[in-house]
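Please model the complete structure; the sequences and the hints are all you need to start from.
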Amino acid sequence: MTASASRAAIAFDRVGMAYPGQAKGSALILADLSLTIPEGEFFVLVGPSGSGKSTLLKLVAGTAFPTEGTVTALSQPIKGPDRHRGMVFQSVDGPLFDWLTVQQNVGFGPKMAGAGKAEQAAIAARFIDMVGLKGHEKKFPAELSGGMKQRVQIARTLAADPKVVLLDEPFAALDALTRRVLQREIARIWQETGRTFLYVTHDIREAVLLGQRIGVMSRGPRANIRHVYEIDLPYPRDDLDGRFAEIVRKLEGDIEREASGQWAEI
Amino acid sequence: MGRNLTAGLSLASVAVFVLIWQAGAMWLNDPLFLPPPLDVVTGAVELWRDGTLWSSLLISLLRLMGGWLLGSAIAIPLGLWVGTSKAARAMVDPFIHFFRFVPAIALVTLFIVWFGVGEASKILLIAYATMFIVMVNTASGVGSIPQDKIDAALCLGANQRQAFTQIVVPASIPAIYVGMRLALASSFLVIVAAEMLAASSGLGYIIWTSRLYFRIDWMFAAIALLGALGFVTDRAWKAVGRGALRRYLRDTTKY
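Protein chains in written order, with my numbering: chain A, 1 to 266; chain B, 1001 to 1255.
Among these hints, one or two may not hold up.
Facing chain A, according to a computed beta carbon distance under 8 Å, are these residues of chain B, among others [unchecked claim]:
id, residue
1, PRO1146
2, CYS1155
3, ARG1250
Sample of chain A residues lacking proximity to chain B, with all beta carbon distances greater than 10 Å (derived) [stated by the list, open to error]:
id, residue
4, ARG219
5, LEU240
6, VAL248
Hints were generated in silico from the structure; no laboratory data involved.
Since the structure is predicted, the reported quantities are computational estimates derived from the model, not experimental observations.
A virtual CB, placed ideally from N, CA and C, is assigned to each residue, including glycine.
This is how it looks when you write it as structure tokens:
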């Protein structure tokens, strides 16, 4: 990781994105967006709903393509989804494979990569252990709580050995207590794996808890990243700490000012 | 409710029904209008002894299973194809939504003309009746797979073919299963019509020919057996759902 720390894991270069089926130039969701995320970074995107945060993740995942500009991963243009960029979805039930056990879900990536049964099981065991689901290997998703399902998603994504992990508000659908626990764990998991994490949320406190850098998106249409904040706090972070509160307050102030024009319309 | 209690309740309600039937038949005292249950049992035993009932039951069951499985075997791949490909859907849709409303019963004579009075016409007729239900269910099952599930597989390194075989097919099994269960019921509708028109065996044939001998008790026996056959095949299909297909179905087999 250290040798390649300066390489760009993801680079957006003057990206514009229109709703599918609409004429070029009209009603862009994203416009003229440029951002470089170095390898190994935990980057958090915050912004109001409808600002195109999820669209940005889809562009990296390869499930959507920009109308203007380019998105590259390790200097390679993104042609479509592949195992190098894993995705943890907000939906708790949708993304899991209901007919497969926890172990088989987590082993899906290795299986696709051609690993044998024993190797699949060994890789799955490692990541199931990492997310704290040891003992639940033989259970089906329907037998798990919402928080456990998101743990399965995280383990499954990591088991495919991606270079970049995309997380689309992964804990937004969970209860507050479970969310707090998983927020702490995701920071630990990022440190353990050393991968690039690109995390989307609308929760500023969560962003400050997790991100090395935080990009603030303006409200769409023609959404863009207006400010990028460096969060110089050591991990694990403590949200009761004085400096933590100070940073959150500053960010909230900036975002409110940024959005005040739009808020007035509501 | 406990298992024993529900079974007891079911049994009790059937017993009450038979008692009311017996009382009604005694009160009407017209076995040609409504034969009492005991007469029906005697008639059934009579038919059973000479082998008619047993062979009719078997032949009807074979036709049903043959047509149902053949229809499903055609409909499932077609439904998966139509559900995944917009082009396929555009091509197949007009036919599906036209023939879906042409009941198999309307085609009985035509099928006899085309495929003869043998087994082929009956099995094909049941296959026809089965196909549309299974196909439409399968296609709508494919359509209701969350996009996240397919995207997740692609982001885990699956190619398009693997996303189809590993995700689309297993995720559609609940819809296919329910479609086949519904189709099973409608294939009973068709078998009787087909056996009435052109057959020398089968439960439908007994129901139809009993009228020639004024044997309403035979008719009742065949009707009761038809219902029992449906009950048993439906239970058997449910057992398949709870057994071999369990990991795919979970919530689908509750009723």
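Quick rundown of the hints versus the structure:
1. Annotation: interface hint on PRO1146 (chain B) holds; nearest CB of chain A at approximately 4 Å, less than 8 Å.
2. Given the 8 Å rule on beta carbons, the hint for CYS1155 (chain B) holds: about 5 Å separates it from the nearest Cβ of chain A.
3. For ARG1250 (chain B), the suggested interface contact is upheld, since its CB lies about 6 Å from the closest CB of chain A, less than 8 Å.
4. Distance check on ARG219 (chain A): its Cβ is at least 25 Å (rounded) from any Cβ of chain B, clearing the 10 Å threshold; non-interface status holds.
5. For LEU240 (chain A), the shortest C-beta to C-beta distance to chain B comes to about 35 Å, beyond the 10 Å cut-off, and the non-interface label holds.
6. No beta-carbon of chain B comes within 10 Å of the beta-carbon of VAL248 (chain A); the shortest separation is about 31 Å.
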